[in-house]
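Undergrad: The primary structure of each chain is shown beneath.
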Amino acid sequence: MIAFSNVNRDFLVGDQQVHALRDINLTLGAGEYVSIMGPSGSGKSTLLNLIGLLDRPSSGVYKLDGLDVTTLDDEEQARVRREKIGFVFQFFHLVPRLTAAMNIELPLILGGVEVEERKERVAKLLESYGLKDRAEHRPEQLSGGQRQRVAIARATIMHPSVLLADEPTGNLDSATGKEVIRLLEQLTEQGVTLIMVTHDRDNGNRALRQITMVDGRIVGDKRKSD
Amino acid sequence: MKLNDTLQFASHSLNSAHSRSFLMIIAMSIGVAAVVILTALGEGARLYVINQFSSLGTNLVIAFPGRSETAGINPGMLIGQTPRDLVLDDAMAVLRSTAVRRMAPLAIGAALVSNGPLNREVVVLGSTAELLAIRHMTMAQGQFLPEGPADAASPVVVIGTKIKQELFGVENAVGAWLRIGDRRFRVIGILSSQGEAMGMNTDELVIVPVASAHMLFNSQNLIRILVEAKSREQIERARKETEEILFKQHGGERDVTVVTQDAMVATFDRILRTLTMAVGGIAAVSLAVAGVLIMNVMLIAVSQRTQEIGLLKALGAPPAQIRRLFFAEAVLLSLVGSVAGLLLGQLGSFVIGQIYPTLPVAAPWWAIIAAFGTALGSGILFSVWPARRAAQLDPVLALARR
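Taken in sequence, the protein lines are chains A and B. Start counting at 1 in the first sequence, then tack on 442, and there's your number in our numbering. Start counting at 1 in the second sequence, then tack on 428, and there's your number in our numbering.
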């Protein structure tokens with residue numbers, strides 16, 4: 443469902459051309475659990491941004507569910523992002539002035555869903571993520587683990603087919619981090635494709651498919667045989 | 429995203445930055461209030477002048493010597509004649525017009541008025557009994573000039589309250605003798621105090637019969653003939669006929685200007701309205717300044733909320749939606765600011781009205797609409813750029829910052 447062929451991404455830093463991604467060929471199926479590992483500056487985040495349509499490749503073709511999304515305009519890309527892709531960030535990126543419930547509701551608001559349906563879906567999600575009594579709290583009143591759970595709830599409320607997680611445990615202690623990882627893994631069991639960029643070898647090794655990147659190239663792609 | 433949700437989201441974010449929003453609303457409302465108050469003052473001045481004119485009399489036609497437009501060389505000049513002055517005969521002739529109800533000639537001069545050791549220099553008016561009705565004056569004591577032929581001199585005088593006080597103090601003035609120039613007049617009446625009307629204060633008037641005035645000042649000239657038309661509809665006819673009569677009286681020369689009070693009022697009306705608009709326009713500049721302030725603060729808001737914008741994009745908000753969100757904030761701000769400004773302006777006008785009760789202070793409706801529109805317009809206009817900037821933010825960079 444995700445297919446990269448000969449994708450390059452170049453940046454111009456000063457007057458120097460930086461090749462963030464070189465000739466990426468990658469195919470990911472529905473419901474896969476993938477970790478992307480590698481040293482800093484190896485292009486992991488750039489790859490994730492390309493998958494999430496936050497960035498456009500300099501060359502090459504990216505097909506999502508058979509559709510060549512690189513040719514879409516901003517408006518159409520935004521729609522694809524809204525409907526098919528969920529993001530989980532290292533720094534949570536919750537809107538500080540909104541309550542937990544409202545943060546979760548945000549994608550539904552942007553999608554123009556009716557108020558009653560919104561409230562219903564948010565309530566259901568709060569319940570299943572154990573955040574019911576935290577619904578009216580603002581992010582600063584939540585613990586790191588709670589914040590990340592709110593962020594995950596927000597990422598999944600539109601039922602995306604792809605969940606992109608950039609260092610989701612990077613800002614959490616290891617116990618909370620494990621909790622968050624388990625939550626994400628549960629989602630893959632429901633058929634969501636999880637792509638997780640991580641520095642943490644333990645977390646990365648839990649993934650069923652492990653991609654290693656160095657200098658903008660994929661240098662390792664192994665599957666866990668279980 | 430629905431319009432309702434957009435507005436709610438925008439007002440929510442304005443709410444959470446309340447001090448910033450508050451300052452912007454203040455800037456906007458000061459601008460709007462300035463427009464409202466200044467135009468209210470201008471409009472007040474206009475109405476004040478119009479009221480002053482109508483207190484001078486109603487349905488007035490005024491004739492005065494000389495013509496404002498000169499038509500080259502007239503035949504009279506070649507044989508050594510200058511335009512003739514208005515005299516009493518001219519005034520009497522005006523009454524031949526059927527559109528004229530009454531007429532009062534007006535002669536004027538300055539003279540020393542004295543009662544024993546007390547004296548002062550005053551402006552002495554010469555007129556007839558009709559002046560009282562034409563000028564809407566009322567008597568405080570005694571009576572006005574006696575009815576009778578205008579060319580009959582009689583040594584009587586009517587004085588204003590201030591003259592009475594200065595020359596007679598608390599003494600009874602009616603019946604007393606008053607020396608004007610080198611003649612003696614008996615005081616027969618005191619005008620009631622009406623304050624000032626078009627620079628002529630009835631309190632400081634000294635009125636004698638027109639023939640007496642002519643004797644006093646040794647001249648036959650009238651400076652004005654005040655003519656009252658029979659009704660509002662007759663004003664124009666009265667003006668035309670007065671002009672024709674005076675034209676004939678002066679041997680076929682148009683050397684007299686006859687104007688209606690309405691025309692004069694209209695002129696002042698035009699001048700003051702233009703002035704009001706100019707002042708309002710200057711005040712509107714402050715609205716533009718408020719607009720620039722809104723732009724500045726919105727730009728700060730965009731850079732402060734870079735992360736949030738990046739997040740909204742990641743959550744699938746298209747650029748147009750981001751633009752609408754910031755747009756909605758600016759519109760809400762200028763809307764609240766304008767409404768607050770209108771209230772402030774009305775309050776200010778009310779206070780000024782209380783301080784200067786003679787001035788009918790009220791902002792005209794066009795100024796209110798213009799102020800509102802300009803405020804909203806500048807708020808929207810100046811938010812275009814910040815909103816575009818927000819919409820064009822690169823989400824990757826926006827989210828990378830923390």
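Derived from the structure by calculation, the hints contain no laboratory data. A couple of the hints might just be wrong.
[Claimed, not checked] Using 20 angstroms as the maximum straight-line C-alpha spacing, the simulated SDA-like pairs for lysine to any residue come out as follows:
1) B/Lys-590 - B/Met-520
2) A/Lys-566 - A/Ala-577
3) B/Lys-430 - A/His-579
4) B/Lys-668 - B/Asp-690
5) A/Lys-561 - B/Asn-543
6) B/Lys-430 - A/Ala-577
7) B/Lys-590 - B/Gly-570
8) A/Lys-620 - A/Gln-588
9) A/Lys-561 - B/Lys-676
10) B/Lys-430 - A/Val-557
11) B/Lys-668 - B/Val-687
12) B/Lys-430 - A/Glu-518
13) A/Lys-620 - A/Glu-631
14) B/Lys-430 - A/Gly-554
15) B/Lys-590 - A/Gly-554
16) B/Lys-430 - A/Asp-497
17) A/Lys-561 - B/Val-687
18) A/Lys-561 - B/Leu-435
19) B/Lys-430 - A/Met-600
20) B/Lys-676 - B/Glu-549
21) B/Lys-430 - A/Glu-631
22) A/Lys-574 - A/Gly-554
23) B/Lys-658 - B/Asn-432
24) A/Lys-561 - A/Met-544
25) A/Lys-561 - B/Leu-431
26) B/Lys-430 - A/Glu-578
27) B/Lys-430 - A/Gln-588
28) B/Lys-430 - A/Lys-664
29) A/Lys-566 - A/Glu-578
30) B/Lys-430 - A/Arg-651
31) A/Lys-561 - B/Lys-668
32) A/Lys-561 - B/Met-520
33) A/Lys-561 - B/Lys-658
[Said to hold, decoys possible] Anything over 12 angstroms on all C-beta distances counts as not near chain B; from chain A, calculated:
34) Asp-515
35) Gln-519
36) Val-522
37) Glu-525
38) Leu-536
39) Leu-550
40) Leu-573
Built from N, CA and C at the ideal position, the CB exists for glycine as well.
Undergrad: Which of the listed hints are not met by the structure?
TA: Of the numbered hints, 1, 3, 5, 6, 9, 15, 16, 17, 20, 21, 22, 23, 26, 27, 28, 30, 31, 32, 33, 34, 35, 36, 37, 38, 39 do not hold.
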